[in-house]
Each structure stands twice: as structure tokens, then as C-alpha cells.
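Novice: Each chain is listed here by its residues.
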Amino acid sequence: MPENPAPQIPAGVFFANTNDEFVEIPRHLPPVRKARKELKPGQIDLEKTTVQELFDVHPPSKLSNEFANKFLTQHTELIPPYPYKFKDSQSLVGIEVEVENVLRIDPNITLGFWSIHEDGSLRNNGREFKTSAMPLRYTQPALTQLFNGLNDSVDFSSRTSIHVHLDVRQLTLSQLYGMSFTYGAVENLLFKFASQERRKNIFCVPISESLGLAGVNKAKNMVSFLSSIEDYWSKYSAYNLLPIANFGTVEFRQMCGTNNVTKLLIWMDMLSRLKIYAYKFHRTEIVKQISGLNTNSQYRGFVDGVFGDLAAYLDTSNLLKDMENTTYVIKNCALNNVFHSRVLSTMDLESNFNDLFKTEVSNISKLSKTQKECLSFLKKDIAPSMTLEKFYLLLKHDPIVYDLIVSKGFQQHYYHLLQPIAYAAPKFKDE
Amino acid sequence: MYIETEDDLRRKYEDTFVQYKKDLIVVSNFYYHHDKKVMYIVYTDQNGTETECVYDDGVVPLLFDTHFFNREIKGSNIPGTLYVRLAKKQYKRSLSIENSKLMCPIIDLYAASGRGCSLWRSNWNFMDVKSMLNPVYPNYFDAIKDLPKYQVLAISPKFAVCLSNLSQQRYLLCSSFGFIGECDLNVVTIKHEAALQEVLDYVAHATLPLRVELDA
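Which chain is which? The protein sequence lines are X and H, in order. Take the first sequence: its letter number 399 is residue 399 in this note's numbering, and every next letter is one higher. Remember, this note's numbering sits 431 above the position in the second sequence when you count from 1.
Simulated from the structure, these hints should not be mistaken for laboratory data. Possibly wrong hints are sitting among the right ones.
Claimed, not checked - Cut-off 27 angstroms, straight-line C-alpha distance, at most; resulting in silico cross-link-like pairs (BS3-like, lysine-lysine): (1) K192(X) <-> K443(H); (2) K561(H) <-> K200(X); (3) K505(H) <-> K561(H); (4) K520(H) <-> K192(X); (5) K576(H) <-> K358(X); (6) K200(X) <-> K453(H); (7) K520(H) <-> K358(X); (8) K580(H) <-> K200(X); (9) K453(H) <-> K220(X); (10) K321(X) <-> K561(H); (11) K532(H) <-> K321(X); (12) K218(X) <-> K519(H).
Unchecked claim - Over the 12 angstroms line for every Cβ pair with chain X, so calculated as not near, a few chain H residues: (13) Y462; (14) Y463; (15) H465; (16) K467; (17) M470; (18) P492; (19) E503; (20) P566.
Where is the CB? At the ideal position from N, CA and C, for every residue including glycine.
From just these sequences and the hints, can you work out the full model?
Specialist: And the structure:
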């Protein structure tokens, strides 16, 4: 035992030695709890309601600036000689780093920016390191501290990856769509930068493949798609929208395991620029831009517009191949397919699809006497000019006719006609 | 270096289609013999033969990008099918019903008209996987001519044509985003504007003497 053991440092606080006195500085800013504001459906506005308001997301447990600055003054080795200049250094991110073969962990890691977790998907002494929400400008010392604090032989196997949560609480719902569409259009380029192998990973499925955003067309409207995001989205999408409901963040899962700090900083800067682009251009303008992309130079212009100087880090050697399909997917997700709905709600009896069932018409001869009476009764009321055969076919296969029958209160006739075993024949007035 | 256990491999590949030593197989099991040194794999090949042999770490997982393809189902005239990758939570690394699904545009028409369709199935077999691996697409005009015979046919990875419930003479053009227009031997009428450019590209690449018009 050493003669003067180091003082026990309580979790979550930092001791700064000023004038030989210990000063307690909380590591995290306490989350500000505001009164819950429940939004009624009519109060949700795509253009005005923010993600934070829609989901009533509380501010995250955020790394305090005071703590981070004090920590860095005491760990000057973490201050980079050439700090990376982020376009939006205030933007909040959370980082999850998975590592295998972790044999040594510098205890200071948990005193600064990181917490350590077990992860069932990792093997061979695998650990997951997570930060709380922190401004981008602290990510460089944080990553440097982490990778310097682990043994040199750590393994970034194919099981490991790095996930970045980007704070989108202040985006309006429309801007979140704008960011998602922008991401979708450049998804393949981002995969190429982060890790092309991750594209085939089952825990990181591209949205252009899983057609996740196509759910927008299945939902009642764009607001209800986001409000019920858990019904439409899957966690293992490369672009994971599920955390918007709990944390107000979007998770990017594309990055493979790596200790290349520069690559990670560029990656996070790129992701923050997707958000900046959504602030800069309205969703409809972004969709218009994407819809107009058709040539190599137009694709290049869009990529430059989104990423600016960082576009130089992207592999743009085959833009046509990388962006042709993704822009096609985004266009189709962004614009409502009215024709599809029309096809499914229409039933023209004189169509080549209905020709497949022509033989059904002759089945009228097999109807019982009371069933024929029901059929004549309904036809007389609903479609008097139609032949009995056509009306029978329409009755069987057109949901609109069924709705009409329900509205007139003739369900009993309908069910007797089509399901004679379960329903008794109705009594007619003249019987 | 972590060596995957039999449990790891089972969780990843059991009941999935994979390529193993250049053959298409369905994995049934992995296990160690008594000495705990040599791993064995049990699988079924395309002929239905079950084989048990030493596993030499050569499993190549199969996963495809979302695309249309034509499958052969005995006694069925519904070949056109859409393969879609799923992002839901699961462990299978290769083609399985947990990470992929098959869809068919004509089934939507059946459902909308209150009918079921016994000629189509959403699970797949060796023939289907082979068709996914090497998809063959008929020429547009051949597909249209064949349509009364077939209910739906994939004409490219992005598009399929199928019978229509709107018209006697024209057919429906479908993409992975649903029905996008009507078509016949002379004209393709695009009803969903977002699909226009890709249809134009398809017509141009296939050098089809076909008019494409927008009516959205």
C-alpha cells in the first residue's frame, strides 16, 4: 500500500486544484426539466414544430464546458497542436466506440469524457465506450484520450463499429425530412468514406435498400410518420431515426471500428453538415434539387453544396453509379404516390386483371334462392342499371360498394350473400 | 484473434442460404466432434442431399440489394417478384426470412379486391435464390405480349409490368414504390412523376422504340 494513497474521486465530479484548494465542478450540466407540453394533433405543424416539441425530449445530460476546459488544462497532452476546425463546433454529438481485445484501460478515461459498457455482440474482451452529449469541439481530445488510454493491441474486428448520435432536437420536422433526404441522396458516398463493408452488414442496412423512407407514403402524412416512427423504422438502419423519440438524436451507424482520429473528426464534421444543409434549404427545395440531379456535374454540384471543402474526402470517381439509385429512392419517398392509392381503390370490371376471375360470374347460378333475393334487393338499391352478374362481381371485390352497403345498413344481406354458412338470411318486408 | 464458436456460427448461419465452396447450400448446423478441435458443418445442397463435413471457414454470406427478379414457381404464372432487405433486429448474416422479404405487386391487387392468391408464396427455395443471383429480364415488348399469360413480369431490377385493374388494353408499370404508371406496346404513361427519369433511362438504355409521357 502506498503511504499517501490518492484521494478517492467521486464519480461525476472533478477536482480542480486552484490555490491549493479543491473545487468541485460537476462533470455534466444537470438536465433542465421543463414542464411537459403535450401537443394535440392539430397543434403539430410540419414547418414549425421541432423534434424536441413533438417528442417532448428533455435536454440531454451534457458535458459541462467548465468541466471540459478544466479537465483539459490539467491534461494538456490532450490539447491538439492543430485543433480540427469544425464548421459547427457547437453542435452536440454523442459517440459510441466498440473495441475488442481491451486489456488495459487508463482510469482517467472514465474521469473525463467516457463511460464504459459491456456489449453482448462483442467478443474477446470487448468493451463499448460512450460519451454523453458534447459539443463537436471536444471530440478531438475525447477520442485522443480514449485511444491513448487503451492497450496498443486493441482489435477493431468486423464486429466493432462506431456510432455517432447527432442532436436534431432544434430541427423542425420539415428540416428533419430535409436532412434525411439529403443523407439518402449521398448515402453511398458516406458508406464509401466510412466503410464499404458495413453496407452489407445486417446491423447497418442502407435506407436505399430497406426502403425505410418509403414509409412516408404509407403513413397518413409526414407528421404521423415521424410521430409513429417506431412503427415504420428499424434500429439497424444505417441512418437510425428511432432515437429522435427518446433522445432527439439521429444515429449514424456506418463507421467501422477504427482508432483513426482524423477520419472520425472528418466523419462527424460531414454529418453535422447534413444538418446545416437542412437549416439552409427548405425540404421542398432539397427534394427539388435531388429530383433535378441527372448528370455527373449535377451530382458533383450537390455533393459540393452539402459538404463544401469536405467533398474532397469523398470518393466521387463514380458519382453516377453511387447516386443514381439513391436519388431515385429519395425522389420516390419524398413525393406521395397518388396513383398507387388510386389503383388500389379502383376496380374496373372491364380490366385484364378482372378477366382472371370471369368464371366467378357463372357462380351466380349456384346461389340459393334467398341469396339471389338478397342480391336483387341490393342491386335494386345500389346499382339498378347494372346487370346482376356484374353487380355480384362488384359486390365481392369492391371495398367502396361494401362501405355503401354498411352506410345503408344492409350488412345482413351482404353477409348472407357472401358467407351463407355464418349468417342467416334476412327477413324481407314482403315475406 | 477470436475464433467463432459453434453457437456463434449457428446463430449467424443456421437456416440461411449461403455459398460454400462455390455451391449454393442451406446450412443446418455446426458442431464440434468429441476432440473439440475440428468443426463440422451440416448442410443441404440443391439436390436435397444432406452433407456433413469438416468446416473450413469458407461460408460466403448472400445478401442482395433490393431488386425485381423473375422466379419460377411450378404451376404459377406470377414470376415477377421484388426482393427487399430488412433492417429489423436479427442475427442472420446471410439470406433468410429474418433479414429479407419477397413482395409482388399483383398481390396488392388481389388484396385490394378482397381475394387471396394461392399461386404466389413469400418464402423461397433454391430456384428462387438462383434467380436472384442471376436475374434474367425479358425484353419490354416480349413482357407486354406475355402479360395475359403471366400476371406480372420483372423487366429490369427497378421495374415490373403487371395486369391492370384499370383497363382492358393497358398494363400497370410497377417499381419498388408501387404502381407508377400504365403501359402498352406503344406508350408508357407515367403517373408518378418521381419515377419519370428512371423510366426514361430504362427506355434509353434498352433502346426501346417506345413513347414515354408524363400524366401526373
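Novice: Against this structure, judge whether each hint is valid.
Specialist: Against the structure, the hints:
1. K192(X) <-> K443(H): Given pair K192(X), K443(H) holds - Cα atoms ~25 angstroms apart, limit 27 angstroms.
2. K561(H) <-> K200(X): This hinted pair holds, its Cα atoms lying about 19 angstroms apart.
3. K505(H) <-> K561(H): Holds, at roughly 15 angstroms.
4. K520(H) <-> K192(X): holds (24 angstroms)
5. K576(H) <-> K358(X): Holds. K576(H) to K358(X) sits at ~21 angstroms (cutoff 27 angstroms).
6. K200(X) <-> K453(H): Answer holds: K200(X) to K453(H) is near 19 angstroms, not above 27 angstroms.
7. K520(H) <-> K358(X): violated (44 angstroms)
8. K580(H) <-> K200(X): violated (37 angstroms)
9. K453(H) <-> K220(X): Judged against 27 angstroms, a Cα distance of about 47 angstroms means the pair is violated.
10. K321(X) <-> K561(H): Measuring from Cα to Cα gives roughly 25 angstroms; hence the hint holds.
11. K532(H) <-> K321(X): With a Cα-Cα distance of about 25 angstroms, the restraint between K532(H) and K321(X) holds, given a limit of 27 angstroms.
12. K218(X) <-> K519(H): holds (18 angstroms)
13. Y462: holds (19 angstroms)
14. Y463: holds (17 angstroms)
15. H465: At roughly 25 angstroms from the nearest Cβ of chain X, H465(H) sits farther out than 12 angstroms, so the non-interface label holds.
16. K467: About 18 angstroms separates K467(H) from the closest Cβ of chain X, which puts it past 12 angstroms; holds.
17. M470: holds (16 angstroms)
18. P492: Violated, because the least Cβ-Cβ distance between P492(H) and chain X comes to about 8 angstroms, which does not exceed 12 angstroms.
19. E503: holds (20 angstroms)
20. P566: holds (16 angstroms)
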